[in-house]
Amino acid sequence: MPDPFSATRCAHIAVVGAGWWSQGWHLPHLSRNYHAQITAIVEPCEAPRSTLNPDLKTTEELQKLYAVPVFKTFDEFLASPEAEQTDGVIIATTHSAHYEVGMKAIGRFHVLMEKPMTTDLAEADWLAQAASKSDHIFMLNNTANFRDSTEKVHNMVKSPCLKPVGMLGYMAAALLWLFEDPENVGWIKPTGSMQGNGFGLGQMSHALAWLYFVTDLEPEKVCCSMLHSEKTGADITDIAIVHCAGNAIMSIHGTASMPFKSYFESTKHIHMKIFGSGGVLSYGGEDQHPESGGLRLELFDGTDQHLPGFYFENYQAEGDGPESLQVFLSGCTGTKILNAADAMIGRKVVATLDAMYKSAKTGQFEVIKPFETANEIDYTIYLFD
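The opening position of the sequence shown corresponds to residue 259 in my numbering, with each subsequent residue numbered one higher.
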């Protein structure tokens, strides 16, 4: 992708949600990034807790550390002078709160929202509709979508000989420690209208967002089987067939059941294949180990091109943030960007996962409702007072 920092103005960012991901990634990244300035933190709990990080700072400690005000609610922030100085917000709340905060933020700020966009398909529709009417950026933090190699794949797939007819997506991770721990309620237990919870929502959202960006396909129906943990009930292995518009078929396989060795050694294994009328494009390797794989293009005319280096998710805690954050900050200052994980991609992911969980229960293909046009949804009735 082009250098996102052609603009020199600093982006003023508020962080909504101060849980383990914000404290371990978003806030430190922003504080070390010369192109960002934190304007405020929103966190309702004075002492945030997480089973994934028992040493989270209190809101009082965060206020002193980052020298910014902390608000208990998003409404309090909206009424503050800091909101007037803010260009964009990072929404890193619980998944169930994404919709309410997102609807209040869209149209007033640029938005970078953690994935998945929501856990409710209707809410995803309303967010996508609101984003489509806004002249502000709405991005999902699917970091793999913003890698340079992903843009290369996206451009290659535009070639007529690689018009997608079949896709294979495989993601394996050593995450049983996460999905088989009963204390990790937010990762394993469905709430509200959720059809299920586990590896699908927690991890397959990355793979699906990548596939939908590089192929531009529209999912139509899904058949899925899942294996669930006997300890928690969370899905830990998911296998699905996704029929897409244009007679294209996607096969996706995800599992949390890789052996865990260490955080450095036990990275995710990713393998993506896109079959077209003139050949196949393959991209795979071990996440966080670029030397483990790369990109290969094989065509029926004898073309066989290799591009070494595998780059997928970027969840490094060090430094000034992943490519997705850099692009977001650039967009907040007015630079034209490629939004590789917009609200429509987020909606496709939520719709696919919703159908996967339903299909796993019914044993049948589940049809995905087409995305409705702006005139067919009055999303304003779902705004909060």
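I should point out that these hints are in silico values taken from the structure, not numbers from a laboratory. If you're wondering where the values come from, they're calculated on a predicted model, not measured in any experiment. Careful: at least some of the hints might be erroneous.
[What the hints assert, rightly or not] Distance ranges between label pairs, derived from CB positions: (1) His394 - Gly282: 23 to 29 Å; (2) Arg554 - Val423: 14 to 20 Å; (3) Pro327 - Val625: 32 to 38 Å; (4) Val625 - Ser550: 34 to 40 Å; (5) Glu304 - Glu576: 34 to 40 Å; (6) Gly567 - Lys489: 34 to 40 Å; (7) Gly365 - Glu441: 33 to 39 Å.
[Stated by the list, open to error] Lysine-lysine pairs mimicking DSS-like chemistry, simulated, CA-CA at most 30 Å apart: (8) Lys519 - Lys391; (9) Lys330 - Lys447; (10) Lys330 - Lys391; (11) Lys391 - Lys447; (12) Lys315 - Lys410; (13) Lys447 - Lys362; (14) Lys362 - Lys315; (15) Lys447 - Lys627; (16) Lys447 - Lys479; (17) Lys619 - Lys315; (18) Lys594 - Lys410; (19) Lys531 - Lys391; (20) Lys627 - Lys416; (21) Lys416 - Lys447; (22) Lys416 - Lys594; (23) Lys362 - Lys531; (24) Lys594 - Lys447; (25) Lys479 - Lys519.
Glycine included, each C-beta is placed from N, C-alpha and C at the ideal position.
Status of each hint after checking the structure:
no. : hint                        : in the structure
1   : His394 - Gly282: 23 to 29 Å : 27 Å, holds
2   : Arg554 - Val423: 14 to 20 Å : 18 Å, holds
3   : Pro327 - Val625: 32 to 38 Å : 47 Å, violated
4   : Val625 - Ser550: 34 to 40 Å : 38 Å, holds
5   : Glu304 - Glu576: 34 to 40 Å : 28 Å, violated
6   : Gly567 - Lys489: 34 to 40 Å : 38 Å, holds
7   : Gly365 - Glu441: 33 to 39 Å : 38 Å, holds
8   : Lys519 - Lys391             : 47 Å, violated
9   : Lys330 - Lys447             : 26 Å, holds
10  : Lys330 - Lys391             : 29 Å, holds
11  : Lys391 - Lys447             : 34 Å, violated
12  : Lys315 - Lys410             : 40 Å, violated
13  : Lys447 - Lys362             : 27 Å, holds
14  : Lys362 - Lys315             : 27 Å, holds
15  : Lys447 - Lys627             : 25 Å, holds
16  : Lys447 - Lys479             : 25 Å, holds
17  : Lys619 - Lys315             : 40 Å, violated
18  : Lys594 - Lys410             : 19 Å, holds
19  : Lys531 - Lys391             : 34 Å, violated
20  : Lys627 - Lys416             : 26 Å, holds
21  : Lys416 - Lys447             : 39 Å, violated
22  : Lys416 - Lys594             : 21 Å, holds
23  : Lys362 - Lys531             : 39 Å, violated
24  : Lys594 - Lys447             : 40 Å, violated
25  : Lys479 - Lys519             : 37 Å, violated
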